[in-house]
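In the order they appear, the protein sequences are chains A and B. Read left to right, the first sequence gives residues 1 to 347 (the numbering used here). Read left to right, the second sequence gives residues 1 to 226 (the numbering used here).
The reader is advised that the hints may include incorrect statements.
Said to hold, decoys possible - Below, a sample of chain A positions facing chain B; criterion: calculated Cβ distance under 10 angstroms: (1) 37; (2) 39; (3) 169; (4) 172; (5) 187; (6) 197; (7) 219; (8) 222.
To be verified - Once the Cα atoms are required to be at most 27 angstroms apart in a straight line, the calculated DSS-like pairs of lysine-lysine come out as: (9) A:232 - A:148; (10) B:99 - B:22; (11) B:131 - A:156; (12) A:212 - A:196; (13) B:209 - A:86; (14) B:128 - A:224; (15) A:109 - A:11; (16) B:139 - A:27; (17) A:200 - B:128; (18) A:236 - A:224; (19) A:332 - B:130; (20) A:286 - A:250; (21) B:209 - B:25; (22) A:86 - B:65; (23) B:131 - A:212; (24) A:86 - B:151.
Source of the hints: derived by calculation from the structure; they are not laboratory data. All figures in this text were calculated on a predicted structure; none of them were measured in a lab. Ideal placement from N, C-alpha and C gives every residue a C-beta, glycine not left out.
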Amino acid sequence: MKSEKLFNILKSKGFKNIELDNIIESKFVLKRSGGNFKQYLFSFYDQNLKEWSLVPDLSVSSVVKFIQSNIKNKTKWFYNGEAYRKQNKNYNSPIINQTGFEIFASNNKLKDDKEIIQTSIEIFSNSNFKKGELNISNIEIFFALVDKLSLPLRWKDRIKRHFCREKYFNQLLKKLSSNSDINPALVDKDKKIAEKLRKKNSSTIYSGRSVKDILARFDLKNYKEPRLASDKKNVKIIKEFLKISCPIDKAPELLNKFFKKNKLNLFIGEDYFPVDRKNKKNLKIKFSANINRSLEYYSGMVFNITVNKNKKQNVLLSGGRYDGLLKNLGSKKETTAVGAALNMSLI
Amino acid sequence: MKNEIINIATLSKGRLKIEAEKVFKKSGLKIVSKSERSLIGSIKGFPSVRVMYMNAVEIIEALGKGVCAIGISGKDLWRESEPSIQSKVSLIKEFNWGKSDLVVAVPTSWPDCVNSADLEEISFEFYKRKKRLMRCATKFKNLSQEWFNEKGITQYELISSLGATENSHIIGKSDIIVDLSSTGETLRQNNLKAIDSILKSSACLFSSKKLQNQKEVKKIIKLLSK
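Based on the sequences and whatever the hints tell you, model everything.
Written out as structure tokens, the structure reads:
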């Protein structure tokens with residue numbers, strides 16, 4: 001599909017084309033992705049020692065533009081341009097061509113989710129691919145499931161926080177089922193240090209942390225919410241949930257059956273499936289619990305459209321809801337956001 | 001055919017210089033230099049070989065750039081070097097000296113921190129309560145970054161340290177450190193405890209991938225790696 005045709009589809013759906021800056025203050029990228037992302041940035045300092053980077057991802061740039069534009073009403077826009085990221089061990093080009101479309105500040109989330117998915121389906125229908133698969137999930141379902149498990153709160157937070165880092169997430173589950181992170185000898189030694197700290201002034205700072213904070217966390221971990229000997233049962237539930245993949249029309253029944261079987265007191269309603277339940281022409285529609293896990297800012301509905309190229313499944317389009325991101329990047333109030341990005345090398 | 005000079009790099013200072021010279025001696029390669037302070041030498045019986053006394057970091061760079069064919073340096077420095085350098089250097093042999101662990105160390109006054117999962121949680125605590133990233137002082141930015149990435153820790157900032165890293169948490173330059181530790185005594189003396197080991201390092205024999213297949217170079221590698 002030619003870019004012009006793609007842009008016409010987006011314009012016909014009411015998305016306005018916007019131009020994004022080529023540079024961004026590094027703090028916005030680091031706020032979204034953490035210090036670890038620094039290794040991918042082409043960054044430099046201005047004369048006021050403010051750190052800037054070539055834009056590594058246009059979606060962050062787009063969100064920052066929306067925040068800085070002070071728009072209060074529902075806004076639909078799309079962008080197309082180059083992002084720049086250092087490549088680690090492979091020798092791919094550091095220039096990435098990105099196109100994305102987004103809806104900000106709307107009050108009807110379900111309608112917007114449907115609109116983003118519908119637009120994506122239309123782009124797929126106009127592409128050269130004859131067959132595809134639309135996978136839909138919702139991070140909220142996973143988070144609700146974790147909240148219902150009998151785990152210490154800090155472990156629930158940990159599992160939710162690292163859902164987007166699949167490799168580390170799996171290591172966490174391993175730790176949870178084996179207790180491999182607990183050394184009884186060290187725990188005893190640290191209990192003695194904690195007792196000494198209790199005699200100090202609670203506002204004393206040790207390497208950036210107050211005695212009060214250190215002891216609060218120590219007590220929570222060792223006395224108030226100690227880990228159970230083994231959490232194998234909970235780990236099994238998490239793993240089984242992430243394996244769920246079925247036609248979208250069977251998803252509510254199957255999920256509710258799964259929750260009932262595991263006594264989780266959860267019920268999934270229609271809101272979680274913002275698409276007509278019937279397969280579109282040449283497009284299978286599925287619920288897949290284990291998709292779009294690489295981006296940590298997704299907060300609700302997530303989806304992707306995969307196509308077959310050179311006998312491999314490739315993601316043509318992916319997106320989701322990221323309501324928390326705007327606040328995280330400096331918006332003064334909670335602002336809703338949903339969008340999708342295209343794999344331009346396939347388009 | 002013109003005989004090209006083969007540069008061999010070895011350590012220029014201290015106890016490690018003496019240990020490296022022992023390796024040459026044991027391999028039957030006698031280094032001859034004009035004086036104690038001379039930074040260039042030769043090897044008896046190998047007229048085309050030049051021995052260069054260099055800083056350990058520079059040795060890895062010289063190997064990566066193909067300036068030197070063979071070198072003795074630390075595994076930690078090789079692993080810390082940029083991918084463009086590291087990929088051009090082969091590790092031939094790990095010696096039994098110059099040993100140390102690259103460790104992640106936190107203050108002993110943090111009894112609630114015993115592993116990477118604790119540190120990950122604490123890094124979020126910094127962000128929530130102090131509105132800043134947790135600071136880690138280190139000379140090993142690349143290896144530290146790899147470890148943080150592997151352990152799922154994202155809320156951190158690396159602070160460059162050129163020396164005396166162990167006291168940077170006391171003077172307020174950082175909150176935690178990543179540094180080399182041989183016996184753990186310096187950590188203990190500076191109120192630090194290791195919570196994980198990133199790398200077990202020792203002195204190693206390296207070669208430049210670009211030059212390692214030359215006949216004379218192969219011969220010397222064979223002797224040094226016995």
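Violating hint indices (sorted, rising): Every hint satisfied by this model.
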